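Chemist: Residue strings, one per chain:
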Amino acid sequence: MKEFLEGSMAVAKVIQLCKPGVISAYPITPQTHIVEELAQIVADGHLNAQFVNVESEHSAASVVLGASAAGVRAYTATSSQGLLLMGEVVFNIAGMRLPVVMTTAVRAISAPINIWNDHQDAVSLRDAGWVQFHAEDIQEAADLHLIAYKLGEDKSIMLPVMVCMDGFILTHGVETVDIPTQEEVDKFLPAYKAPYKLDVENPMTLGPLVDPEYYTEARYALNETHKEALALIPKITADFAKVFGRTYNGLIEGYQLKDAERVIVAMGSVCGTIKEVIDELRKKGKKVGLLKITSLRPFPVNQIYEALKNISKVAVIDRALSLGSFAPLSAEIKAVFFGKAKKPKAISSFIVGLGGRDITKNSIKEIFRLMTGKEKQGEFIDLKPELLKESYEQNTL
Amino acid sequence: MSKTLFNSGHTACAGCGQSLAARLVIDAAGPNTIVANNTGCLEVFSTKYPETSWGVPFIHSLFENCAAVASGVESALKYLGKADSINVIAQAGDGGTADIGLQALSGMLERGHNILYVCYDNEAYMNTGIQRSGLTPFDSNTTTSPIGVKSTGNIRPKKPMPEIANAHGIPYVATASVAFPQDIQRKVKKALSIKGPKYMQIHVPCPLGWRHETNLTIAVAKLAVETGLYPLIEYENGILAAKRQITPKPVEEYLKTQGRFKHLLKNPDEIKKVQEIADNNIKKYGLKVSEATN
Amino acid sequence: MFGPLTCKPGSSRNNKTGPWRTESRPKFLKKNCIACNMCLLICPESCISGEGKNTYDFDPDYCKGCGNCARICPKQDIEMVKEDSKE
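Those protein sequences? They're chains A, B and C, same order as listed. Residues in the first sequence are numbered consecutively from 899, following this note's numbering. Residues in the second sequence are numbered consecutively from 42, following this note's numbering. Residues in the third sequence are numbered consecutively from 861, following this note's numbering.
Quick caveat, the hints were computed from the structure, so don't treat them as lab data. Predicted model only: the values in this text are computed from it and were never measured. Among the hints, erroneous ones may be present.
Incomplete in silico selection of chain B near chain C, CB under 10 Å [stated by the list, open to error]:
| id | residue |
| --- | --- |
| 1 | F104 |
| 2 | H304 |
| 3 | N308 |
Straight-line C-alpha distance at most 27 Å; calculated DSS-like pairs for lysine-lysine [stated by the list, open to error]:
| id | chain 1 | residue 1 | chain 2 | residue 2 |
| --- | --- | --- | --- | --- |
| 4 | B | K44 | C | K890 |
| 5 | B | K44 | C | K891 |
| 6 | B | K123 | A | K917 |
| 7 | C | K887 | B | K119 |
| 8 | A | K1053 | B | K236 |
| 9 | C | K913 | A | K1053 |
| 10 | C | K868 | A | K1091 |
| 11 | B | K119 | A | K917 |
| 12 | B | K329 | C | K946 |
| 13 | A | K1091 | A | K911 |
| 14 | B | K123 | C | K890 |
| 15 | C | K913 | B | K44 |
| 16 | B | K123 | B | K230 |
| 17 | B | K290 | C | K891 |
| 18 | A | K1259 | A | K1156 |
| 19 | B | K123 | A | K1091 |
| 20 | C | K887 | B | K290 |
| 21 | A | K911 | B | K290 |
| 22 | C | K890 | B | K313 |
| 23 | A | K1053 | B | K230 |
| 24 | A | K1091 | B | K119 |
| 25 | C | K913 | B | K290 |
Here are some, though not all, of the chain C residues that point toward chain A, as calculated from beta-carbon distances under 7 Å [stated by the list, open to error]:
| id | residue |
| --- | --- |
| 26 | F862 |
| 27 | P864 |
| 28 | W880 |
Backbone N, C-alpha and C define an ideal beta-carbon position, used for all residues, glycine too.
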C-alpha cells in the first residue's frame, strides 16, 4: 500500500512485517527514528518481539548475536560511532555465520565528530564478512531489508546482512513508498528455521577456540559463501519482483549506460542526483551514464566488468576515504579491470559529500566535466581551499 | 557419555580450581541450561575445536559480551515461550567480569533478565599469563603488578564486585568457594530457583598463577575463607541473608601457601595491611563465630 | 559454504589427558571409604566415579595426578603413588 513516509518509518514498517523475535539497539543519530518506531509498534502490540534496550552498541550487537544463535530472527540498527563500537561483534557475527540483519544509517566518522551523512562507517567495515547493501532511495532501503533476511537466512548462505541507507537524506527524508502486505511478505520470506542453534535437545558448542590447524578453512568458507551469495542475489530479486512487482538486480544498476562515453560509478542517494544530471546532459546530446553499486559486499566484479568494459571514461565517486591510499570504492573498481583485455581508458577517482556536505547537481556536472582522458586521482570536489589556509596552516606555524 | 555435563579431556592445568567449579555449577544447573561464556581460561581449555567438554548448549562470542549474548539468548527463549523451562547462565573469569565485561554485566543486571551470572575468580588474567585484574588481591605478585625494589606487588585491594552487583537491586548475590563444593551447588540451585538476574562469584585457586602445589587447591581455598580474606556471603533482595562464619586464622597461614605472596613473609608491615583487609571483612559481614554460640 | 565450526557435546573425551601425569597418581585403597563423595566432588578432571562405600576409583585415561583427592579424603583411603609404581 502506497504511503508518504519518512525513510525510518518505512524501514520500521518493513522490519515489523519481517516479524523479528528480538530487536535490540542503542540510540545514535540518525538511526533513532527507526528503533523508536519499532519500540512503539511493539508497545502497541502490533509486533510480538522482545525489544531489548541496551547500554551500548557493543551489547546491542551481542544481544542479537545471542538471539540469532538461539534460533530467532533478530534485528538491530546503528550508525557511525556505534558501528565502530560494535565492530568486534560485527566481525564475530559473520564468523559465527549468524544471519542477523542490521540497518546502518550511514554517517561520518569522528574526529572531527560530525552527525551528517557519508559512507565512512559502513565502508570501513566492508571486510567484516557481512553482505553490505547500499540503498539509493527509501523504497529501495525498505525493500533491501526483505531481500537481506531472505538471502542471509538461506541455508547455503547463513550470512549477516547490513542494509546501508544515507543518514538524514534517507532516514529523515520523506518519499512515497509502497509498503507490502503481511501476506506478500509471508509469501516471500518464510519463518526463520536455524540449521544450527543453541538447543538443549541438541547441545552443541558454538564459538570454539580454533587453532592454526583449522582456522584458515573456516575463513575460506566464509569468503566462498560471498561468491555463492553473488549468484543467489539475482535469483532472490527475481522472486522479489514476482511477489512485490518491483525489479532490482540487487548487485548493480546501470542508468543510460548503453552508448555512454562518460560514466560515474557511485553508491547511495547521490545516484538520484546523478540520474537527474544525466537526463539534463542527455538532452544536450552528452553521452553520459551511471553505474550504481547496490552490493558493496559481495563485490560484483563480473557484473561491473561487463557494465563498464566498453566505457571509455569512468569516474568513481567515494563518500569515504581510505586515509593514505586510493579512495576505497575507486580502488576496487580499478582492480576489476587490471590485466583485462577491455577496460576504460581512464578510471578517475573523486571524493565528494563528506560529513553531510551537499552534493549538488553542479558538483556532478563538475565531475563529468573533469572526466577528460587524463585520469584524476582522489580529487576532492567542492573543497574550500580558504579553510585550509585559515584553520590549518596557522596551527602548524 | 559420563554423567557429568562438563566432561574430562579438557586441557586445564592439573589442580585447576576453575574447571572444578565449572563442573559443579553446570552439574547443579542440569541439562536444560544454555551457557554463554566469555573468552578466558575456562573457554580456552574446554572448547578447543573440534572438542568440547560441555554437554549443554554453549556459546563463546568475545571477551566482554557474555552478559549481553546471554540477554539475547534469554530474550529469544522468552519470544519462543521457553524461558521458564531453560536456564540461562552467563559466565566469565574475574577480568572478564569485573573489568572488560562490567558494562555488559551491569546492563544485564539492570534490565532484569532471568539469568544467573557466574564469575570464576582466580584473581588475575591467567589465560594470558597471570596479569593483574581488578579482582587481584592487595600485594599479589603478578606479571603486570610485579614485586621489585620499589614494589610489594598489586597496590590495590579487590574491586568489591559482589557489592557492585548487589547495588543493582537484584534478587540474589552469593560468593562461594571450591573449598565448599556442596555449598556451590546449593547456591546454584537456589539462584536458578529465583526469577530475575542473579550474581555468583566463586573463588577458584589457580596453581599456576598463585604458585602453589597442584594438590593444595582445596586447602588454599579453605584458608582464604577461614582467614576472612574471602567472605562467603549471600544477599537476598539486597539484604545480607547468610554468611559462613569462621574462627579467623591469621592471614599469614594463607599467604605462606602461595608463591604470589612469598615476598610478604619477610615483611610484617605488609602482612599487617593484609590482616587489616581480613579484619575489615570480618567486621563488615560479622564473620566471626559469635562467642555465644560455641 | 558450510556453516560455523561447532563441537559435539562431550567430545573432549577424545583427548586423553592421562599422559600428563609425570610424578604420581592416586591409588584408591577401598578399605575405609565412607562414601562421603568428596573426592568425586572436587576432582578438577571429572574423572572419579563411585556409588557407595569402597567403590570409588579414578580414570587413568584422564587423571592429571594433581593429588587433591588424596588430600581431601577424610579417611586417608586414597594415596598418591609414584606414576610408574606397580601397585
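Chemist: Please go over all the hints and tell whether each is borne out by the structure.
Modeler: Against the structure, the hints:
With a least beta-carbon distance of about 18 Å to chain C, the hint placing B/F104 at the interface is violated under the 10 Å criterion. A hinted interface residue such as B/H304 counts as satisfied when its beta carbon comes closer than 10 Å to some beta carbon of chain C; here the least separation is about 26 Å, so the hint is violated. Hint status for B/N308: violated, given a least beta-carbon distance of 29 Å to chain C, over 10 Å. With a C-alpha separation of about 22 Å, the suggested pairing of B/K44 with C/K890 holds against the 27 Å cut-off.
A C-alpha spacing of about 25 Å is found between B/K44 and C/K891, which places the hinted pair at or below 27 Å, so the restraint holds. About 18 Å separates the Cα atoms of B/K123 and A/K917, which keeps this hinted pair within 27 Å; it holds. Of the pairs offered as hints, the one joining C/K887 and B/K119 is violated, with about 49 Å between alpha carbons and a cut-off of 27 Å exceeded. A hinted pair counts as satisfied when its Cα atoms are at most 27 Å apart, and A/K1053 with B/K236 does not qualify at roughly 36 Å.
Using a Cα cut-off of 27 Å, the hinted pair C/K913 and A/K1053 is violated, with the two alpha carbons roughly 53 Å apart. Proximity of C/K868 to A/K1091 is assessed by CA-CA distance (about 20 Å); at most 27 Å being required, the pair is judged to hold. At most 27 Å may separate the alpha-carbon atoms for a hinted pair to count; B/K119 and A/K917 meet this at roughly 15 Å. Taking the CA atoms of B/K329 and C/K946, the gap is near 48 Å; set against the 27 Å cutoff, the hint is violated.
For the suggested pair A/K1091 and A/K911, the alpha carbons sit about 22 Å apart, so the restraint of at most 27 Å is met. Under the criterion of a C-alpha separation no larger than 27 Å, the hint pairing B/K123 with C/K890 is inconsistent with the structure, at around 45 Å. Restraint check for C/K913 and B/K44: satisfied, since their Cα atoms lie roughly 19 Å apart, inside the 27 Å limit. Restraint check for B/K123 and B/K230: satisfied, since their Cα atoms lie roughly 19 Å apart, inside the 27 Å limit.
With a C-alpha separation of about 34 Å, the suggested pairing of B/K290 with C/K891 is violated against the 27 Å cut-off. Our distance criterion of 27 Å between C-alpha atoms is met by A/K1259 and A/K1156, whose separation comes to about 22 Å. With a CA separation close to 16 Å, the supplied pair B/K123 and A/K1091 stays within the 27 Å bound. Of the supplied pair hints, the one linking C/K887 and B/K290 is violated, its CA atoms being roughly 32 Å apart against a limit of 27 Å.
Straight-line distance between C-alpha atoms of A/K911 and B/K290 comes to about 66 Å, which puts the hinted pair past the 27 Å bound. In summary, the hint linking C/K890 to B/K313 is not supported, as the alpha carbons are separated by about 45 Å, beyond the 27 Å threshold. At most 27 Å may separate the alpha-carbon atoms for a hinted pair to count; A/K1053 and B/K230 exceed this at roughly 38 Å. Straight-line distance between C-alpha atoms of A/K1091 and B/K119 comes to about 17 Å, which keeps the hinted pair within the 27 Å bound.
Under the criterion of a C-alpha separation no larger than 27 Å, the hint pairing C/K913 with B/K290 is inconsistent with the structure, at around 34 Å. Because the beta carbon of C/F862 sits about 6 Å from the nearest beta carbon in chain A, less than 7 Å, this interface hint is met. This hint holds: C/P864 has a C-beta 4 Å from the nearest C-beta of chain A, less than the 7 Å allowed. For C/W880, the shortest C-beta to C-beta distance to chain A is roughly 18 Å, which exceeds 7 Å, and the interface hint is violated.
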